[in-house]
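Trainee: Sequence:
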Amino acid sequence: MAPRLQLEKAAWRWTETVPPEAVAQEHIEAAYRVRLEPCQRGACRRNCRGNPNCLVGIGEHVWLGEIDENSFHNIDDPNCERRKKNAFVGLTNLGATCYVNTFLQMWFLNLELRQALYLCPSACSDGVPKDTDYEPQSICEHLQYLFALLQNSKRRYIDPSGFVKALGLDTAQQQDAQEFSKLFMSLLEDTLSKQKNPDVRNIVQKQFCGEYAYVTVCNQCGRESKLVSKFYELELNIQGHKQLTDCITEFLKEEKLEGDNRYFCETCQSKQNATRKIRLLSLPCTLNLQLMRFVFDRQTGHKKKLNTYIGFSELLDMEPFMEQKNGVYVYELSAVLIHRGVSAYSGHYIAHVKDPQTGEWYKFNDEDIEKMEGKKLQLGIEEDLAEPSKSQTRKPKCGKGTHCSRNAYMLVYRLQAREKSLTVEVPAFLQELVERDNCKFEEWCNEMAEMRKQSVARGKIKHEEVKELYQRLPAEAGSPYDFISLEWLQKWLDESTPPKPIDNTACLCSHGKLHPDKISLMKRISEYVADFFYRRYGGGPRLN
Numbered sequence: 005m006a007p008r009l010q011l012e013k014a015a016w017r018w019t020e021t022v023p024p025e026a027v028a029q030e031h032i033e034a035a036y037r038v039r040l041e042p043c044q045r046g047a048c049r050r051n052c053r054g055n056p057n058c059l060v061g062i063g064e065h066v067w068l069g070e071i072d073e074n075s076f077h078n079i080d081d082p083n084c085e086r087r088k089k090n091a092f093v094g095l096t097n098l099g100a101t102c103y104v105n106t107f108l109q110m111w112f113l114n115l116e117l118r119q120a121l122y123l124c125p126s127a128c129s130d131g132v133p134k135d136t137d138y139e140p141q142s143i144c145e146h147l148q149y150l151f152a153l154l155q156n157s158k159r160r161y162i163d164p165s166g167f168v169k170a171l172g173l174d175t176a177q178q179q180d181a182q183e184f185s186k187l188f189m190s191l192l193e194d195t196l197s198k199q200k201n202p203d204v205r206n207i208v209q210k211q212f213c214g215e216y217a218y219v220t221v222c223n224q225c226g227r228e229s230k231l232v233s234k235f236y237e238l239e240l241n242i243q244g245h246k247q248l249t250d251c252i253t254e255f256l257k258e259e260k261l262e263g264d265n266r267y268f269c270e271t272c273q274s275k276q277n278a279t280r281k282i283r284l285l286s287l288p289c290t291l292n293l294q295l296m297r298f299v300f301d302r303q304t305g306h307k308k309k310l311n312t313y314i315g316f317s318e319l320l321d322m323e324p325f326m327e328q329k330n331g332v333y334v335y336e337l338s339a340v341l342i343h344r345g346v347s348a349y350s351g352h353y354i355a356h357v358k359d360p361q362t363g364e365w366y367k368f369n370d371e372d373i374e375k376m377e378g379k380k381l382q383l384g385i386e387e388d389l390a391e392p393s394k395s396q397t398r399k400p401k402c403g404k405g406t407h408c409s410r411n412a413y414m415l416v417y418r419l420q421a422r423e424k425s426l427t428v429e430v431p432a433f434l435q436e437l438v439e440r441d442n443c444k445f446e447e448w449c450n451e452m453a454e455m456r457k458q459s460v461a462r463g464k465i466k467h468e469e470v471k472e473l474y475q476r477l478p479a480e481a482g483s484p485y486d487f488i489s490l491e492w493l494q495k496w497l498d499e500s501t502p503p504k505p506i507d508n509t510a511c512l513c514s515h516g517k518l519h520p521d522k523i524s525l526m527k528r529i530s531e532y533v534a535d536f537f538y539r540r541y542g543g544g545p546r547l548n
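Residue numbers for the sequence shown, in my numbering: 5 to 548.
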């Protein structure tokens with residue numbers, strides 16, 4: 005087709021020779037370019053704006069071939085949200101709550117803790133009326149319900165917002181994960197301490213609580229003073245170390261109290277040089293080792309992350325570090341909590357946790373859960389920093405049964421010589437609540453499937469309709485025709501936006517007729533198709 009400027013000149017060339025009183029229908033049709041030849045499909049790269057009879061390149065190509073049914077809707081398959089067989093259930097990230105999700109998954113896979121929580125009396129132990137939504141009233145009830153859903157939900161992932169809201173956490177701000185762990189354990193222990201059942205009341209202490217003593221020895225008289233304390237995790241400095249065992253050795257290292265830091269000896273009744281060290285007296289079933297990756301930087305006045313590699317083994321023998329050597333102190337690695345990123349104030353938290361019933365490792369990443377091949381821990385891309393670090397160090401080689409990480413901030417070990425893995429059943433009252441939620445999920449799946457089905461049916465009807473109407477869209481020579489907005493015609497062919505009533509007002513002249521200068525914004529179509537459009541969509545004014 006000739007360029008638009010040539011078409012405009014050709015449309016008005018007759019005015020050079022025809023006086024006003026001799027203007028006829030043929031001249032008007034020339035001005036409106038009615039008699040221009042329509043373009044054939046394949047002849048134009050894009051629509052010819054200067055030719056109102058060019059109906060190519062207006063969006064019709066989408067409809068004229070075979071169409072995949074999925075293009076008729078934007079609804080994902082609801083079955084993609086369904087939990088797969090033998091898979092774990094994920095947790096929604098509410099903005100910046102990935103650190104909470106990692107701890108929840110780790111605590112859920114502590115079967116003794118889960119069983120104890122299920123034994124807690126609940127306000128709904130006798131059942132919840134069917135027409136009432138369940139609202140947990142305490143932290144224990146929130147955990148009970150969350151764990152029951154994680155165990156028996158049909159959903160691929162669940163929403164922990166009730167639990168997060170009950171804790172008063174800001175979903176938009178990432179908290180200190182290590183501090184959160186300590187505070188929550190303290191809160192949980194305090195809450196459970198009010199329970200009558202000793203298996204419930206003492207579960208936090210039994211599972212996570214150990215004892216150590218601060219032992220101070222006066223250099224002058226040899227008097228030994230001892231202060232016994234409970235601990236729920238050991239906070240290990242990693243600066244200057246390459247192995248976990250080195251970090252533990254430093255934690256127990258003897259410290260000299262001299263100069264201004266001398267010790268007041270009650271026997272000598274004066275300040276004396278002394279030594280102080282920590283002695284491990286007892287260890288819990290679950291040993292939490294906090295690697296102090298996030299430290300205060302005096303130069304900047306802010307926290308910074310230490311991106312140094314620390315090696316650790318899948319089996320940890322704690323006997324060399326104990327005060328008494330006559331116990332069983334061999335531990336198995338059961339969880340590795342990871343922080344991805346170089347900054348202490350941002351990044352992403354994930355957890356690698358071992359299933360205590362199968363011995364298989366899983367990576368928990370909010371909604372997504374990945375089972376590791378075989379029964380081996382595979383840190384993989386978790387060791388790739390999101391941003392380049394100033395002090396990139398090469399990853400050390402790891403022997404069999406050992407691992408190295410520069411992103412692990414917590415290692416969890418479980419006592420090896422423990423009873424056979426528990427089988428924990430969801431209590432009846434909680435199972436009823438889970439089944440209610442499963443029913444809601446099935447209803448949602450059915451609704452989504454029906455919406456997809458209806459969208460596909462409408463799409464197929466529209467497909468056939470467009471194919472037929474597009475065939476009859478060109479106005480044949482000598483037949484009645486209409487001019488219609490090109491923009492509206494394109495929207496009719498664009499399935500993403502439902503067509504509004506036809507609006508030709510922008511192309512009118514002062515007499516309410518089609519302005520000749522606006523012809524590039526219009527297309528000439530057959531009266532048959534125009535009748536259909538105005539019946540179906542309304543609008544106007546009609547320009548025929």
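It is possible that part of the hints are untrue.
[Unchecked claim] Below, in silico cross-link-like pairs of lysine to aspartate or glutamate (EDC-like), each with a Cα-Cα straight-line distance of 20 Å or less:
{"id": "1", "residue 1": "Lys230", "residue 2": "Glu258"}
{"id": "2", "residue 1": "Lys404", "residue 2": "Glu336"}
{"id": "3", "residue 1": "Lys444", "residue 2": "Asp80"}
{"id": "4", "residue 1": "Lys380", "residue 2": "Glu364"}
{"id": "5", "residue 1": "Lys495", "residue 2": "Glu454"}
{"id": "6", "residue 1": "Lys401", "residue 2": "Asp535"}
{"id": "7", "residue 1": "Lys88", "residue 2": "Asp535"}
{"id": "8", "residue 1": "Lys88", "residue 2": "Glu258"}
{"id": "9", "residue 1": "Lys210", "residue 2": "Glu116"}
{"id": "10", "residue 1": "Lys517", "residue 2": "Asp535"}
{"id": "11", "residue 1": "Lys186", "residue 2": "Glu116"}
{"id": "12", "residue 1": "Lys169", "residue 2": "Asp370"}
{"id": "13", "residue 1": "Lys517", "residue 2": "Glu491"}
{"id": "14", "residue 1": "Lys89", "residue 2": "Asp535"}
{"id": "15", "residue 1": "Lys380", "residue 2": "Glu327"}
{"id": "16", "residue 1": "Lys158", "residue 2": "Asp370"}
{"id": "17", "residue 1": "Lys186", "residue 2": "Glu237"}
{"id": "18", "residue 1": "Lys89", "residue 2": "Asp370"}
{"id": "19", "residue 1": "Lys375", "residue 2": "Glu454"}
[Unchecked claim] Between beta-carbon pairs, the in silico distance windows are:
{"id": "20", "residue 1": "Lys234", "residue 2": "Thr427", "range": "45 to 51 Å"}
{"id": "21", "residue 1": "Glu371", "residue 2": "Pro484", "range": "19 to 25 Å"}
{"id": "22", "residue 1": "Pro125", "residue 2": "Ser425", "range": "31 to 37 Å"}
{"id": "23", "residue 1": "Lys375", "residue 2": "Glu228", "range": "48 to 54 Å"}
{"id": "24", "residue 1": "Glu371", "residue 2": "Lys169", "range": "15 to 21 Å"}
{"id": "25", "residue 1": "Pro324", "residue 2": "Lys380", "range": "53 to 59 Å"}
{"id": "26", "residue 1": "Val299", "residue 2": "Lys257", "range": "26 to 32 Å"}
None of these hints come from the bench; they were simulated from the model.
Predicted model only: the values in this text are computed from it and were never measured.
Beta carbons are placed, not taken as given, at the ideal position from N, Cα and C, and that holds for glycine.
Trainee: Each hint: holds or not?
Mentor: Each hint tested on the structure:
no.	hint	verdict
1	Lys230 - Glu258	holds (14 Å)
2	Lys404 - Glu336	holds (14 Å)
3	Lys444 - Asp80	holds (18 Å)
4	Lys380 - Glu364	holds (7 Å)
5	Lys495 - Glu454	violated (26 Å)
6	Lys401 - Asp535	violated (77 Å)
7	Lys88 - Asp535	violated (52 Å)
8	Lys88 - Glu258	violated (53 Å)
9	Lys210 - Glu116	holds (10 Å)
10	Lys517 - Asp535	holds (19 Å)
11	Lys186 - Glu116	holds (19 Å)
12	Lys169 - Asp370	holds (17 Å)
13	Lys517 - Glu491	holds (18 Å)
14	Lys89 - Asp535	violated (55 Å)
15	Lys380 - Glu327	violated (33 Å)
16	Lys158 - Asp370	holds (17 Å)
17	Lys186 - Glu237	holds (8 Å)
18	Lys89 - Asp370	holds (19 Å)
19	Lys375 - Glu454	violated (33 Å)
20	Lys234 - Thr427: 45 to 51 Å	violated (30 Å)
21	Glu371 - Pro484: 19 to 25 Å	violated (59 Å)
22	Pro125 - Ser425: 31 to 37 Å	violated (26 Å)
23	Lys375 - Glu228: 48 to 54 Å	holds (51 Å)
24	Glu371 - Lys169: 15 to 21 Å	holds (19 Å)
25	Pro324 - Lys380: 53 to 59 Å	violated (26 Å)
26	Val299 - Lys257: 26 to 32 Å	violated (18 Å)
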